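Enquirer: Let's have the full structure, built from the sequences with the hints guiding it.
Here is what each chain is made of, one letter per residue.
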Amino acid sequence: MEYVGLLGGMALALSGLYFGRRAAKNRQGLDELHEHIWRKARSISWYFTLVAIYVLLILSVLDVGVRLIPALGILLLVHLGSWGVAGGMLMAKMVEGDPGEGGKTQLLLSIIIGIVFLIGFGIVSALTGNWKFLLFSLFPIFTMIMVFYAQAMFRKRQSRDPQ
Amino acid sequence: MRNRIRELRAEYGMTQDQLAKEIGVSRQSVIAIENMKYNPSLELAYKIAKTFRKTIEEVFIFEEENR
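So the protein sequences, as listed, match chains F and G. Mapped onto our numbering, the consecutive letters of the first sequence carry residue numbers 3 to 165. Mapped onto our numbering, the consecutive letters of the second sequence carry residue numbers 844 to 910.
Among the hints, a few may not be true.
Restricting the straight-line Cα-Cα distance to at most 30 Å, the calculated cross-link-like pairs of lysine-lysine (BS3-like) are [stated by the list, open to error]:
hint : chain 1 : residue 1 : chain 2 : residue 2
1    : F       : Lys95     : G       : Lys880
2    : G       : Lys864    : F       : Lys42
3    : F       : Lys95     : G       : Lys893
4    : G       : Lys864    : G       : Lys890
5    : G       : Lys897    : G       : Lys864
6    : G       : Lys880    : G       : Lys864
7    : G       : Lys893    : G       : Lys864
8    : F       : Lys106    : G       : Lys890
9    : F       : Lys95     : G       : Lys897
10   : F       : Lys42     : F       : Lys27
11   : G       : Lys864    : F       : Lys95
12   : G       : Lys864    : F       : Lys106
13   : F       : Lys42     : G       : Lys890
14   : G       : Lys880    : G       : Lys893
15   : F       : Lys27     : G       : Lys880
16   : F       : Lys42     : G       : Lys893
17   : F       : Lys42     : G       : Lys880
18   : F       : Lys106    : F       : Lys95
19   : F       : Lys27     : G       : Lys864
20   : G       : Lys897    : G       : Lys880
21   : F       : Lys27     : G       : Lys897
22   : F       : Lys42     : F       : Lys95
23   : G       : Lys880    : F       : Lys106
24   : G       : Lys890    : G       : Lys880
25   : F       : Lys27     : F       : Lys95
26   : F       : Lys106    : F       : Lys42
27   : F       : Lys27     : G       : Lys893
28   : G       : Lys890    : F       : Lys95
29   : G       : Lys890    : F       : Lys27
30   : F       : Lys27     : F       : Lys106
Derived from the structure by calculation, the hints contain no laboratory data. None of the values given here were measured: they were computed from a predicted structure.
Expert: So this is what it looks like as structure tokens:
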């Protein structure tokens, strides 16, 4: 079962990366701004990873046993999650002020944040064996994405019908 | 760094999309550069200036920060 998660996760991530880059290449998205943003996001994500390592070390000193595999999973989540969120936020900052692009980027960012929270609550649920954590996280995450979606649609409509 | 890209685009009747295609970047990059959120590389600045048949100094205006 673990192999399914490990290999399936990796296959999904790699195919997502491949198709994402192909789509971006088609609209000339792999340009210097893209490189700049994702390089900066990776650098920011290392700060979050360092904090996560430190927190895990403190937990170990306090004798709160987090086993090796969950700890590595948490580090992976924090690193990749903060990388994605930081990249999304930097991109949103770059295009803020533009009604169409700003809304789209904000929506994408909300989806990334939603997925990160979902995985986070999934890990907490798996660690505690209480699936209510995951269940109760669904509604706020779904609401957040819907709010961002409504905002994006509103901005798009506003940009189409100038006052 | 200030720039006159929006003004020059209007002068040439060019959309952000057209300029982006011309210089080989995404529309988001043009938005970021126009809004002065991102300073392009020398190479990209040269391509932008060349599109408008201007020199880099005519498109990008260096402003020293107040110290």
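Enquirer: With reference to the structure, classify each hint as holding or not holding.
Expert: Results of checking the hints against the structure:
A distance of roughly 8 Å separates the Cα atoms of Lys95/F and Lys880/G; the hinted pair therefore holds under the 30 Å criterion. In summary, the hint linking Lys864/G to Lys42/F is supported, as the alpha carbons are separated by about 25 Å, within the 30 Å threshold. Using a Cα cut-off of 30 Å, the hinted pair Lys95/F and Lys893/G holds, with the two alpha carbons roughly 28 Å apart. Distance hint between Lys864/G and Lys890/G is fulfilled; the C-alpha atoms sit about 11 Å from each other, no more than 30 Å.
Simply put, Lys897/G and Lys864/G have alpha-carbon atoms about 18 Å apart, close enough for the 30 Å limit, and the pair holds. A hinted pair counts as satisfied when its Cα atoms are at most 30 Å apart, and Lys880/G with Lys864/G qualifies at roughly 20 Å. Restraint check: the Cα-Cα separation between Lys893/G and Lys864/G comes to about 14 Å, which is no more than 30 Å; the hinted pair holds. Only pairs whose Cα atoms come within 30 Å are accepted, and Lys106/F paired with Lys890/G is accepted, the gap being roughly 27 Å.
Distance check on the hinted pair: Lys95/F and Lys897/G sit about 29 Å apart at the alpha-carbon level, within 30 Å; holds. Of the pairs offered as hints, the one joining Lys42/F and Lys27/F holds, with about 20 Å between alpha carbons and a cut-off of 30 Å not exceeded. Taking the CA atoms of Lys864/G and Lys95/F, the gap is about 22 Å. The hint holds against a cut of 30 Å. A hinted pair counts as satisfied when its Cα atoms are at most 30 Å apart, and Lys864/G with Lys106/F qualifies at roughly 20 Å.
Between Lys42/F and Lys890/G, the direct Cα distance comes to roughly 24 Å. Compliance with the 30 Å bound is thereby established for this hinted pair. Distance restraint check for Lys880/G and Lys893/G: the Cα-Cα separation of roughly 21 Å lies within the 30 Å cut-off, and the hinted pair is therefore satisfied. Distance hint between Lys27/F and Lys880/G is fulfilled; the C-alpha atoms sit about 22 Å from each other, no more than 30 Å. Simply put, Lys42/F and Lys893/G have alpha-carbon atoms about 29 Å apart, close enough for the 30 Å limit, and the pair holds.
Restraint check for Lys42/F and Lys880/G: the C-alpha separation of about 14 Å stays at or below 30 Å, so the hint holds. Taken as a hint, the Lys106/F and Lys95/F pair is honoured in the structure, with Cα atoms around 12 Å apart against an allowance of 30 Å. Of the supplied pair hints, the one linking Lys27/F and Lys864/G holds, its CA atoms being roughly 12 Å apart against a limit of 30 Å. Distance check on the hinted pair: Lys897/G and Lys880/G sit about 22 Å apart at the alpha-carbon level, within 30 Å; holds.
Note on Lys27/F and Lys897/G: the hinted pairing holds, with a Cα-Cα distance of about 29 Å set against a maximum of 30 Å. The suggested pairing of Lys42/F with Lys95/F holds, with an alpha-carbon distance near 13 Å, which does not exceed 30 Å. For the hint pairing Lys880/G with Lys106/F, the CA-to-CA distance comes to about 18 Å; that is within 30 Å, so the pair holds. Proposed proximity of Lys890/G and Lys880/G is supported: the alpha carbons are some 18 Å apart, at most 30 Å.
For the hint pairing Lys27/F with Lys95/F, the CA-to-CA distance comes to about 22 Å; that is within 30 Å, so the pair holds. For a cut-off of 30 Å, the pair hint linking Lys106/F to Lys42/F stands: about 21 Å separates their Cα positions. Distance hint between Lys27/F and Lys893/G is fulfilled; the C-alpha atoms sit about 23 Å from each other, no more than 30 Å. Between the alpha carbons of Lys890/G and Lys95/F the distance comes to roughly 24 Å, so the proposed pair stays at or under 30 Å and holds.
At most 30 Å may separate the alpha-carbon atoms for a hinted pair to count; Lys890/G and Lys27/F meet this at roughly 19 Å. Taking the CA atoms of Lys27/F and Lys106/F, the gap is about 18 Å. The hint holds against a cut of 30 Å.
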